[in-house]
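Enquirer: The lines below spell out each chain.
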Amino acid sequence: MKNLFKISIGFLVIAIAFTSCNDGKSSKSNGALSSNAAEKVYVAPGEHDEFYAFISGGFSGQLSVYGLPSGRLFKVIPVFSQDAEKAYGYNEETKPMLNTSHGFVPWDDAHHPDISQTNGEIDGRWVFINGNNTPRIAKIDLSTFETTEIIEIPNSAGNHSSSFVTENTEYVVAGTRFSVPIPQRDMPIKDYKGNFKGSLSFISVDPDDGRMDIKFQLIMPGFDYDLSHPGRGKSHGWFFFTTYNTEEASTLMEVNSSQNDKDFIAAVNWKKIEEYVNNGGGEMMPANYAHNVYDEETHTATSTMKKEVRVVNPLDVPGAVYFLPTPKSPHGCDVDPTGEYIVGNGKLSANLTVHSFTKMLSAIENKKFAGEAYGIPILNFEDVLAGSVEQPGLGPLHTEFDGKGNAYTTFFISSEVVKWKLGTWEVVDRQPCYYSVGHLMIPGGNSQKPFGKYVVAMNKITKDRYLPTGPEVTQSAQLYDISGDKMELLLDFPTIGEPHYAAGCPADLIKPRSKKIFNLEDNKHPYAAKSEADTKVVRSGNIVHVYMTTIRSHFSPDNIEGIRVGDKVYFHVTNLEQDYDVPHGISMIGANTSELLIMPGQTETFLWEPKQVGVWPFYCTDFCSALHQEMQGYVRVSAANANTPLKWSLGEDIE
Amino acid sequence: MKKSNIIMLLAAILPLGLFLFPLWKITLEAPQYPTPLGMYIHINDFSDANPHDIKNINLMNHYVGMKYIPDAIPEFKIFPAGIIITTIIGVIIAFFGNYKWFLYWFILMILLSSAGLYDFYLWEHDYGHNLDPKAIMKFTNPDGTQMGFQPPLFGSKDILNFKAHSYPRLGTLFLALGIATSFIAYLVGKKKHNKKLTM
Numbered sequence: 001m002k003n004l005f006k007i008s009i010g011f012l013v014i015a016i017a018f019t020s021c022n023d024g025k026s027s028k029s030n031g032a033l034s035s036n037a038a039e040k041v042y043v044a045p046g047e048h049d050e051f052y053a054f055i056s057g058g059f060s061g062q063l064s065v066y067g068l069p070s071g072r073l074f075k076v077i078p079v080f081s082q083d084a085e086k087a088y089g090y091n092e093e094t095k096p097m098l099n100t101s102h103g104f105v106p107w108d109d110a111h112h113p114d115i116s117q118t119n120g121e122i123d124g125r126w127v128f129i130n131g132n133n134t135p136r137i138a139k140i141d142l143s144t145f146e147t148t149e150i151i152e153i154p155n156s157a158g159n160h161s162s163s164f165v166t167e168n169t170e171y172v173v174a175g176t177r178f179s180v181p182i183p184q185r186d187m188p189i190k191d192y193k194g195n196f197k198g199s200l201s202f203i204s205v206d207p208d209d210g211r212m213d214i215k216f217q218l219i220m221p222g223f224d225y226d227l228s229h230p231g232r233g234k235s236h237g238w239f240f241f242t243t244y245n246t247e248e249a250s251t252l253m254e255v256n257s258s259q260n261d262k263d264f265i266a267a268v269n270w271k272k273i274e275e276y277v278n279n280g281g282g283e284m285m286p287a288n289y290a291h292n293v294y295d296e297e298t299h300t301a302t303s304t305m306k307k308e309v310r311v312v313n314p315l316d317v318p319g320a321v322y323f324l325p326t327p328k329s330p331h332g333c334d335v336d337p338t339g340e341y342i343v344g345n346g347k348l349s350a351n352l353t354v355h356s357f358t359k360m361l362s363a364i365e366n367k368k369f370a371g372e373a374y375g376i377p378i379l380n381f382e383d384v385l386a387g388s389v390e391q392p393g394l395g396p397l398h399t400e401f402d403g404k405g406n407a408y409t410t411f412f413i414s415s416e417v418v419k420w421k422l423g424t425w426e427v428v429d430r431q432p433c434y435y436s437v438g439h440l441m442i443p444g445g446n447s448q449k450p451f452g453k454y455v456v457a458m459n460k461i462t463k464d465r466y467l468p469t470g471p472e473v474t475q476s477a478q479l480y481d482i483s484g485d486k487m488e489l490l491l492d493f494p495t496i497g498e499p500h501y502a503a504g505c506p507a508d509l510i511k512p513r514s515k516k517i518f519n520l521e522d523n524k525h526p527y528a529a530k531s532e533a534d535t536k537v538v539r540s541g542n543i544v545h546v547y548m549t550t551i552r553s554h555f556s557p558d559n560i561e562g563i564r565v566g567d568k569v570y571f572h573v574t575n576l577e578q579d580y581d582v583p584h585g586i587s588m589i590g591a592n593t594s595e596l597l598i599m600p601g602q603t604e605t606f607l608w609e610p611k612q613v614g615v616w617p618f619y620c621t622d623f624c625s626a627l628h629q630e631m632q633g634y635v636r637v638s639a640a641n642a643n644t645p646l647k648w649s650l651g652e653d654i655e
Numbered sequence: 001m002k003k004s005n006i007i008m009l010l011a012a013i014l015p016l017g018l019f020l021f022p023l024w025k026i027t028l029e030a031p032q033y034p035t036p037l038g039m040y041i042h043i044n045d046f047s048d049a050n051p052h053d054i055k056n057i058n059l060m061n062h063y064v065g066m067k068y069i070p071d072a073i074p075e076f077k078i079f080p081a082g083i084i085i086t087t088i089i090g091v092i093i094a095f096f097g098n099y100k101w102f103l104y105w106f107i108l109m110i111l112l113s114s115a116g117l118y119d120f121y122l123w124e125h126d127y128g129h130n131l132d133p134k135a136i137m138k139f140t141n142p143d144g145t146q147m148g149f150q151p152p153l154f155g156s157k158d159i160l161n162f163k164a165h166s167y168p169r170l171g172t173l174f175l176a177l178g179i180a181t182s183f184i185a186y187l188v189g190k191k192k193h194n195k196k197l198t199m
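Protein chains in written order, with UniProt numbering: chain H, 1 to 655; chain A, 1 to 199.
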């Protein structure tokens with residue numbers, strides 16, 4: 001009977017959504033004339049956007065960089081997937097970035113970018129993003145827009161409640177969606193309950209160079225830790241994780257993990273655990289995980305396997321973890337800019353639940369517990385509830401804040417963004433999304449200081465929004481103006497892969513620090529040739545190292561002889577240019593790898609294993625200059641047993 | 001010390017500003033260079049307006065066969081010595097000389113500066129016309145003669161896709177002020193002298 005009631009409400013809301021959708025369309029045609037949406041997203045040629053938006057690439061494994069309000073794509077930063085265009089994961093320098101305990105993994109599923117913060121405000125130094133499939137956290141340096149560090153997360157699977165940073169970037173946090181045996185072992189799947197565990201990893205970030213290190217892993221009961229957000233302001237020092245599958249099912253999850261009326265938000269007092277760990281608490285557990293670091297001066301990544309990790313049993317730190325009952329498999333876990341309200345977006349619930357941090361603290365102080373789960377105290381739902389937004393839509397997923405007392409929640413099933421007021425919980429406005437929105441982003445959304453001018457909705461379904469491109473169509477984002485009382489749809493723009501979360505900030509935070517070139521003087525690559533005088537070809541056994549340079553418009557050397565079939569030839573190519581936007585590329589006929597795309601002052605290496613006798617050309621792959629077409633060279637390959645002397649030259653015939 | 005001699009002392013010292021500020025600046029504008037390429041000419045050095053500008057000017061110029069801008073030229077030794085010597089002479093004149101000597105110093109400086117400018121012109125002319133016969137791109141004037149790429153001595157000029165600007169900088173202003181001040185010293189000294197005569 002109750003279900004019937006819910007379903008009928010569901011239909012009613014869908015009906016309302018569809019009606020309002022139609023209304024929206026008709027008012028949009030008027031609105032476009034009166035409000036001039038086109039003008040609001042128009043960035044004149046040569047002018048710059050007001051905001052950067054870093055939009056996750058989802059199953060592309062990458063991170064895209066857009067400008068707002070124009071919705072123009074500037075760059076796709078390779079993070080977890082090989083990128084032949086930029087030689088990421090193909091050249092010798094960046095292959096170690098994709099090393100893991102499972103070997104070389106050329107792909108991942110990139111979900112939740114988050115920009116580093118200082119004093120609760122976005123500082124624009126780094127973006128962190130999680131690899132969901134083979135659990136990893138990557139750091140992208142926003143002075144070069146390149147991935148400079150990737151750390152694998154042991155004892156984790158489905159690294160989804162990640163990678164959110166605390167107020168001073170003390171930690172970037174990574175939680176487990178799929179609980180697993182910890183440590184991994186051979187055991188029956190049906191024995192999941194009580195035996196599988198979920199780890200919540202707190203990765204410290206060095207305040208100077210951003211170096212990541214797993215400070216501790218909290219080994220929690222075997223639920224699915226879905227999403228998380230840090231406390232801020234008054235709740236700084238806490239971290240909140242939504243959970244589902246508190247049923248601890250391991251099969252037909254769509255039914256079996258949707259049975260409990262309420263799941264939990266886990267509130268973790270990380271300051272308390274940090275103190276415990278600093279005093280020697282927790283224990284070192286054998287592990288095996290990769291830590292890959294890219295050095296900007298050697299232009300080279302190194303991968304180190306780490307052999308242990310500090311784990312903490314929550315029961316050993318009394319008062320560190322509490323469960324807040326939250327209806328129906330909550331997905332997004334969002335904290336408002338003041339740090340008081342914790343929104344649990346119960347994706348199967350008709351209402352949106354908001355918890356109060358203050359009420360949570362007093363319930364803890366009064367020890368008012370409803371029970372416990374595996375020894376962790378459960379608070380009373382009523383004691384921590386700040387309020388709920390009554391029937392705002394269907395399928396709430398994520399909430400962002402504008403810093404003016406309003407919250408914006410996405411509803412997947414009813415396909416809309418709903419604006420509501422914190423404190424009064426009243427719905428103020430709703431706008432349709434095309435279609436089935438997932439995450440949304442307000443620049444600065446995960447901080448004390450959001451820039452509440454625009455919201456970007458990232459949709460899961462595109463269908464007919466753009467010119468069709470066969471069965472597979474682009475993903476779609478939508479930009480809304482939220483500066484007024486009512487939201488206004490301004491723009492649709494296509495996105496790469498499948499965007500999950502995004503992070504945005506004012507362009508002025510990043511623009512002045514963006515590097516134009518790498519200083520050749522600072523290049524410490526072991527195989528760099530910093531001038532044409534330093535170029536050479538060196539053989540040891542069947543390994544040949546070519547120290548090569550590029551400058552408009554030639555390679556040095558551009559004639560090489562004495563290479564033999566069966567050699568492993570490493571082309572170490574240094575771009576001698578020191579001018580903005582003058583990269584050179586290089587590729588060799590038959591090389592079993594990608595081209596190189598070398599920025600000014602940088603050295604990159606590709607491997608070529610010649611298999612046939614002959615004279616084989618290579619050329620510049622980036623239209624670098626007026627003489628680009630002339631930027632080419634030849635390598636003479638002799639038989640494996642030939643005695644052709646090793647020689648190289650530029651501008652003269654090899655004698 | 002007489003007023004005119006004090007003015008002369010100032011005149012003698014002012015050209016030392018050349019050791020603090022550049023003499024000249026050549027700027028090259030082109031659509032591909034939203035930040036123009038630029039080179040400062042100091043009394044003893046060439047320097048980049050922005051990092052690596054000279055390297056990038058050389059890279060551009062090699063297409064039309066122009067020589068690289070040298071790291072050092074003999075003038076970098078001669079000019080500073082000239083300024084130091086003339087300053088010492090000026091200071092000695094300021095202490096011991098009369099207005100007539102101020103005028104001689106003024107004339108000396110005008111001559112030396114003109115010689116310096118002419119030398120600069122000759123270098124520019126050579127730089128812009130003495131091209132590598134194997135130049136990648138060869139351009140000719142409408143009358144069939146080889147096109148030169150000499151930047152202007154003073155002012156602005158279109159050279160292929162570039163617009164070149166060449167203007168004096170603060171160092172030159174100090175030199176010019178020094179020279180002008182010596183003439184003022186001469187006038188003041190002469191007036192005083194004439195006054196004395198009439199009295």
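Hints were generated in silico from the structure; no laboratory data involved.
There could be a bad hint or two in this list.
Stated by the list, open to error - Below 20 Å or equal to it, Euclidean Cα-Cα: the simulated SDA-like pairs (lysine to any residue) are:
| id | chain 1 | residue 1 | chain 2 | residue 2 |
| --- | --- | --- | --- | --- |
| 1 | H | K536 | H | E609 |
| 2 | H | K272 | H | S204 |
| 3 | H | K515 | A | K138 |
| 4 | A | K138 | H | A626 |
| 5 | H | K516 | A | P51 |
| 6 | A | K55 | H | K190 |
Claimed, not checked - One side only, chain H facing chain A, incomplete, derived with CB under 8 Å:
| id | residue |
| --- | --- |
| 7 | R552 |
| 8 | Q578 |
| 9 | D622 |
| 10 | A626 |
| 11 | L627 |
The C-beta atom is built at its ideal place from N, Cα and C for all residues, glycine as well.
Enquirer: All the hints need checking, so say for each whether the structure fits it.
Expert: Structure-based check of all given hints:
Only pairs whose Cα atoms come within 20 Å are accepted, and K536/H paired with E609/H is accepted, the gap being roughly 19 Å. The straight-line distance between the Cα atoms of K272/H and S204/H is roughly 15 Å, inside the 20 Å bound, and the hint therefore holds. Distance restraint check for K515/H and K138/A: the Cα-Cα separation of roughly 36 Å exceeds the 20 Å cut-off, and the hinted pair is therefore not satisfied. For a cut-off of 20 Å, the pair hint linking K138/A to A626/H stands: about 14 Å separates their Cα positions.
In summary, the hint linking K516/H to P51/A is supported, as the alpha carbons are separated by about 11 Å, within the 20 Å threshold. As the CA atoms of K55/A and K190/H are separated by approximately 69 Å, the hinted pair breaks the 20 Å bound. With a least beta-carbon distance of about 6 Å to chain A, the hint placing R552/H at the interface is held under the 8 Å criterion. The beta carbon of Q578/H comes within 4 Å of a beta carbon in chain A, closer than 8 Å, and the hint placing it at the interface holds.
Against a cut-off of 8 Å between C-beta atoms, the interface hint on D622/H is violated, since the closest Cβ of chain A lies about 15 Å away. Annotation: A626/H was flagged as interfacial toward chain A, and the flag holds, the nearest CB pair being 7 Å apart, inside 8 Å. Residue-level restraint check for L627/H holds (minimum Cβ-Cβ distance to chain A is 6 Å; threshold 8 Å).
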